Amino acid sequence: MTDLGKNTVASDDPGYCRPTVTLKVNGQEREVLIDPRMTLLDCLREVLRLTGTKKGCDHGQCGACTIHINGRRVNSCLALAAAHVGDEIVTIEGLGVPGRLHPMQAAFLENDAYQCGYCTSGQIMSAVALLREPCGMSDDDVREFMSGNICRCGAYPNIVKAIQQARRALRGR
Amino acid sequence: MQPFDLVRAPDRRTAVAEGATSHTAQQGASVRFLAGGTTLVDLMKLGVERPGRVVDINRLGLDDIHKQANGDLFIGATARNSDLAHHPLVRGSYSALSQAILAGASTQLRNAATTAGNLLQRTRCMYFRDLASACNKRAPGSGCPAIAGTNRMLAILGTSEACIATNPSDMAVAMMVYDAVVHVQGVAGDRQVPLMDFYVLPGERPDIENVLEAGDLVTHVTLSSPSTGERSTYLKLRDRASYEFALVSAAVAIRLTNDGAIASARFALGGIGTRPWRVTEAERELVGQAPSDKAFRNAAEICLEEARPQSQNGFKIELARRCIVHAFKQISQ
Chain A
0 MTDLGKNTVA
10 SDDPGYCRPT
20 VTLKVNGQER
30 EVLIDPRMTL
40 LDCLREVLRL
50 TGTKKGCDHG
60 QCGACTIHIN
70 GRRVNSCLAL
80 AAAHVGDEIV
90 TIEGLGVPGR
100 LHPMQAAFLE
110 NDAYQCGYCT
120 SGQIMSAVAL
130 LREPCGMSDD
140 DVREFMSGNI
150 CRCGAYPNIV
160 KAIQQARRAL
170 RGR
Chain B
0 MQPFDLVRAP
10 DRRTAVAEGA
20 TSHTAQQGAS
30 VRFLAGGTTL
40 VDLMKLGVER
50 PGRVVDINRL
60 GLDDIHKQAN
70 GDLFIGATAR
80 NSDLAHHPLV
90 RGSYSALSQA
100 ILAGASTQLR
110 NAATTAGNLL
120 QRTRCMYFRD
130 LASACNKRAP
140 GSGCPAIAGT
150 NRMLAILGTS
160 EACIATNPSD
170 MAVAMMVYDA
180 VVHVQGVAGD
190 RQVPLMDFYV
200 LPGERPDIEN
210 VLEAGDLVTH
220 VTLSSPSTGE
230 RSTYLKLRDR
240 ASYEFALVSA
250 AVAIRLTNDG
260 AIASARFALG
270 GIGTRPWRVT
280 EAERELVGQA
290 PSDKAFRNAA
300 EICLEEARPQ
310 SQNGFKIELA
320 RRCIVHAFKQ
330 ISQ
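Protein sequences appear in the order of chains A and B. Numbering that gives the first Met the number 0 numbers the first residue of the first sequence as 0 and each following residue consecutively. Numbering that gives the first Met the number 0 numbers the first residue of the second sequence as 0 and each following residue consecutively.
With the rest of the complex left out, here is chain A:
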């Protein structure tokens, strides 16, 4: 078999978790010990301690783990961390910080767009990505574009309000 050198992360390594890869997260290069089985979600939470990204279903059904890869939203629970070397990864922590919130984060706060808050970081990551997507202006358009983010508390009406408010504010700039 072709020797793929550094292209391989092998499971027969005596210390299976030994290989390190460099991931670019929120603008910073981070060296991580990687197991090929590790999803980006687990890597962010358990290795890099960026716990803003949440694990809901772990099967790409709920959207709680939504992050941005190269500017587009994806479910981090279905992405293998080692396959994303070289990609630009952005999590909720990279969006804004207390005192300097992203306008979408501020809109969620202002509109009380959550109850328990567990799905909120995923909702916001989707909502921020939506700003760059060909989403129509109606509430129904927003509902369709946000259907990959489930809220078990049912905060949907205020989530839609928050997104529409942030869109109007950002358009008015």
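Honestly, the hints are just simulated from the structure, not real lab data. Keep in mind the model is a prediction, meaning the values are calculated, not measured. Mixed in with the good hints, there may be bad ones.
Stated by the list, open to error - Stretches of chain A that chain B covers, calculated by requiring three or more beta carbons in the stretch to come under 8 Å of a beta carbon on chain B: (1) 113–120; (2) 128–137.
As the list claims (entries may be wrong) - The list that follows gives simulated cross-link-like pairs (lysine to aspartate or glutamate, DMTMM-like), each with its CA atoms no further than 25 Å apart: (3) K160/A x D86/A; (4) K44/B x E109/A; (5) K23/A x D4/B; (6) K23/A x D62/B; (7) K328/B x D206/B; (8) K54/A x E92/A; (9) K54/A x E243/B; (10) K54/A x E229/B; (11) K44/B x D41/A; (12) K328/B x E317/B; (13) K44/B x D57/A; (14) K54/A x D41/A; (15) K23/A x E132/A; (16) K44/B x D86/A; (17) K66/B x E132/A.
Glycine included, every Cβ here is placed at the ideal spot set by N, Cα and C.
Since the structure of chain A is provided, determine the placement of chain B on it from the hints.
Structure of chain B alone, referenced to chain A:
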């Protein structure tokens, strides 16, 4: 998840050689190509897929979408579903395809999922996904609890005594009506397989789902160029308004003559077959007729002639008839 080696393939030839070390490209393959991961990683977590080696094919430059010199649309194997659905050429000339993709999954999933991955996605039959259940598709010979069990979402066409699992793709249904051809690079060279011949009916071996052999790498799909004046649409009927698999769906395309008769018509159904379902005899019945409920319903009857309902999904037969009629009416008025 079972341990595996993760390899980033430097070129297609290496990917093919890696794939060929497996004994099969079907259920039980020891090597899997990784594109978007939305099906594969999910099934690896469940233990349904247990490859010892995973070959990342995301950096092989297989993601282009363009119009070929002969007018056909070239769709790269790793083009993302979002990119395909929103591509100007697709929105302009292949409406049913754009609509079908956008009717499936969520934006997050479509941003990761790819052309070839969508074609090869596995059934959502709950018994297939549950290792505690028997399933002839996952564990050949173990039985099919769906036949006497929960089968409301499952197939009424192309089923066998061994399997009634539905093919869940929306994209593939639309591709059927555009005469899609799947281009494959294999150990013995390149070959082309019409999508109509790509999927295999379950028969006694539901673990075999398509014609791919070990090492076969889908490189791209081509769609024939639609004739001038043709209209197409995709109608998906489901339990929720968004983010749900089809109970029944229909991709339809029609072209009318100047005096309003049907010059050509094509349609395919999703959500009701063990593969995307297209019956060309039913389409030929429509040619020369005036577009009417009666004509479309007659074509639907022909398409559904061999339908065999299970205990919970008999409603799909009438739903499919109405879906076909309604979709055709939408674009022929």
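Right, here's what the structure says about each hint:
1. 113–120: With 0 residues closer than 8 Å to chain B, the segment 113–120 of chain A misses the three-residue bar; violated.
2. 128–137: holds (count 4)
3. K160/A x D86/A: Violated, at roughly 32 Å.
4. K44/B x E109/A: violated, 38 Å
5. K23/A x D4/B: The hint holds at about 22 Å.
6. K23/A x D62/B: holds, 23 Å
7. K328/B x D206/B: The given pair, whose Cα atoms are some 38 Å apart, is violated under the 25 Å limit.
8. K54/A x E92/A: This hinted pair holds, its Cα atoms lying about 15 Å apart.
9. K54/A x E243/B: holds, 21 Å
10. K54/A x E229/B: At roughly 46 Å apart (the allowed maximum being 25 Å), E229/B and K54/A break the hint.
11. K44/B x D41/A: Distance of about 13 Å is within 25 Å: holds.
12. K328/B x E317/B: It holds: about 17 Å lies between the C-alpha atoms, which stays within 25 Å.
13. K44/B x D57/A: Holds: K44/B and D57/A sit about 9 Å apart, inside 25 Å.
14. K54/A x D41/A: holds, 8 Å
15. K23/A x E132/A: Distance of about 23 Å is within 25 Å: holds.
16. K44/B x D86/A: Roughly 23 Å between the alpha carbons, so the hint for K44/B and D86/A holds.
17. K66/B x E132/A: It holds: about 24 Å lies between the C-alpha atoms, which stays within 25 Å.
Checked against the numbered hints listed earlier, the structure breaks hints 1, 3, 4, 7, 10; every other hint is satisfied.
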